[in-house]
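**Student:** Heads up: the sequence lines are chains C and U, in that order. Quick note: the first sequence, position 76, residue 76 per the working numbering, numbers continuous. Quick note: the second sequence, position 134, residue 250 per the working numbering, numbers continuous.
Note that these hints are calculated values from the structure, not bench results. Note that beta-carbon positions come from the ideal geometry of N, C-alpha and C, so glycine has one too. It is possible that some hints are incorrect.
Restricting the straight-line Cα-Cα distance to at most 30 Å, the calculated cross-link-like pairs of lysine-lysine (BS3-like) are [claimed, not checked]: (1) C:LYS102 x C:LYS84; (2) C:LYS84 x U:LYS135; (3) U:LYS171 x U:LYS135; (4) U:LYS205 x C:LYS102; (5) U:LYS171 x C:LYS102; (6) C:LYS84 x U:LYS205.
Calculated Cβ distances over 10 Å to all of chain C for the following chain U residues [claimed, not checked]: (7) GLU139; (8) PRO186; (9) ASP249.
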Amino acid sequence: MATRFAQQFQRTGARYLLRQFGEPVTYYPGLVGASRTITAIVERNNATIISEIGDVVGQALIIRVLNDATEGIRSTAIDCGVDKLSVPLSADDEPSLRSIVKFLGDSNGLVRFLVQ
Amino acid sequence: MADTVIERIALELVTRLQKITIENGYPFTVTDVVRPDRLGTSFTPDNYLILVTQKDSSYNSELSHEGNPPAIAFDTTFEIACMVRESDKDENAIATTTNSIIASAMKAIVNGASDPGAWYQMAGNSIICNWGDISPFSQSEGNHAGGTLNLIVTHRQSENDPYQVRT
């Protein structure tokens, strides 16, 4: 069960952070539901090594969205095998369709995941 | 300018792997066949994605020979990483899909040649091809799974002209 702080932060702080630092991205659920545009805080880490496929360099973006079925993504709804996100790899760039590869956590109203 | 011998081999490999489609009789269609770029912007990890990575070219003294100019031979390894990313709700064995995509890649490399009987010549650019190790991979957190197929291509070129194939 979420703490009182988490509930308050979800109602206030999380939404405020998204308004201040967020940008529009499009979420494509892989199995059920239609795509939708949501607001996300995009942390662009650029390159990372994907060691299991021969040390190939890949992109890595950490995304934070509201833990909400309409304004963001419910943490329980993310399917890291098939879900995708259309997001610019660099700020002000054209959006690029990328796979959500890893769920990183959900706390205080925000869901955090890795996109490559 | 024309491509080098090794570049022509890599392009031929990609062309053959792109023939993995349901229409061509395979159990699935590849999402994409990619040779990774420097920053990895050209691909996103996806189910049935194939990444072709060129590894070391080792000098092959036995197949190099004298001449004017001399001919030098190399064994170049291509790593063909076949990615399997299925739904988190999928409970099928990951090895089943991995086996399927590896088998399809091997089949496409042989049968995708314009002359499958001489598939190992890579459209006239190599002497022989040998299969190397097949290694399944999966990251500890389960982000990516699949298998890597190694293909060792032996090719020969003029010592002073890497664009010219030598017999």
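**Student:** Hint by hint, say whether it matches the structure.
**Tutor:** Hints versus structure:
1. With a CA separation close to 11 Å, the supplied pair C:LYS102 and C:LYS84 stays within the 30 Å bound.
2. A distance of roughly 25 Å separates the Cα atoms of C:LYS84 and U:LYS135; the hinted pair therefore holds under the 30 Å criterion.
3. Our distance criterion of 30 Å between C-alpha atoms is met by U:LYS171 and U:LYS135, whose separation comes to about 23 Å.
4. A threshold of 30 Å between alpha carbons decides the hint, and for U:LYS205 with C:LYS102 the separation of about 14 Å falls inside it, so the pair holds.
5. Among the hinted pairs, U:LYS171 with C:LYS102 is consistent with the structure: their alpha-carbon atoms are about 28 Å apart, no more than 30 Å.
6. Between C:LYS84 and U:LYS205 the alpha-carbon distance is near 16 Å, which keeps this suggested pair within the 30 Å criterion.
7. With 10 Å as the threshold on Cβ separation, the claim that U:GLU139 sits away from chain C holds: the shortest Cβ distance comes to roughly 23 Å.
8. The non-interface label for U:PRO186 is consistent with chain C: the shortest C-beta to C-beta separation is roughly 32 Å, beyond 10 Å.
9. Every CB of chain C is more than 10 Å from the CB of U:ASP249 (nearest about 12 Å), matching its label as outside the interface.
When each numbered hint is compared with the structure, no violation occurs for any of them.
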